[in-house]
Amino acid sequence: MRAGLVQLTVSDDPAANLPVTLGHIRHAVAGGAGFVLTPELTNGLSSSRAHQRSVFRHEDGDETLAALRAEAKAAGIWLLIGSLGLLTHDADGRFANRSFLIAPDGSVAGRYDKIHMFDVNVSPTEVYRESDGYRPGSKAVVAETPFARIGMTVCYDVRFPALYRRLAQGGAQVITVPAAFNHITGAAHWETLLRARAIETGCFVLAPAQTGFHPETQGKGRKTHGHSLAIAPWGEILADAGVEPGVTLVDLDLDRVAEARGRVPSLTHDRDFDGP
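Mind the numbering: the sequence shown is residues 3 to 278 in the numbering used here, read in order.
Do not rely on the hints blindly, as some may be mistaken.
[What the hints assert, rightly or not] For each label pair, taking beta carbons as the anchor points, the in silico distance ranges come out as:
no. : residue 1 : residue 2 : range
1   : ARG55     : GLY248    : 27 to 33 Å
2   : ALA17     : LYS225    : 18 to 24 Å
3   : ARG51     : VAL266    : 20 to 26 Å
It is worth saying that the hints were derived from the structure and are not from the lab. Using N, Cα and C, we set each Cβ at its ideal position, and we do this for glycine too.
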């Protein structure tokens, strides 16, 4: 299977972001990709909860989701929509950060709500409280496709190896990590974390990312790290997209999953222990 990782620099306007995303997906398909992946918050990045509330939609009325489902069907591809910000019916009014796996007939083959919320103090001037606006998911997801079993995660999840071990032991061969990784933590940790998750699980790790400066109509905007990565089950970097928006193509040989796990079968070596 040839995968196409789409790297984006979205604004806070879903309507303006959509045609750019569609163009990149078509470029990936023209390059032979049968599995195309977009980053976290493909529909838009914003630091303003009020603005998000004005432009986000519920899943059944989201224009980005409808258009990308139609595009997957027209192209006959598997499409991982890294995530969309969506309205929910929760009493506290928080959004969902939801990843979708779309089948070649346009149907939704998998949904995953980001479990771990980015509540961190990156620096004295960069403080994030994702849980103020987004409610966390509570269920790990492995989706079936004809070419691989896909474990679905999003961005900050990558710092929680227990989730990845659970996915691998649940049958995942490829794990997706769509992200809008902060430019400071990205420079320090992005590659190392992704390679570690691939090595620990013996999975391919595919991580399409947001990149660059994201302008906002309300707020100061933010910067993301870029460097969409494809990592092999043995930990090698197969592709690095750098910092420009675009498409990165990579061929996946699923035999490498069994090979890596055969050499180091650590997924079968769990032991109970006491303490601390």
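Going through the hints against the structure:
1. ARG55 to GLY248: 27 to 33 Å: holds, 31 Å
2. ALA17 to LYS225: 18 to 24 Å: holds, 23 Å
3. ARG51 to VAL266: 20 to 26 Å: Violated: the Cβ-Cβ distance is about 45 Å, outside 20 to 26 Å.
Going down the numbered hints, you'll see the structure goes against just number 3.
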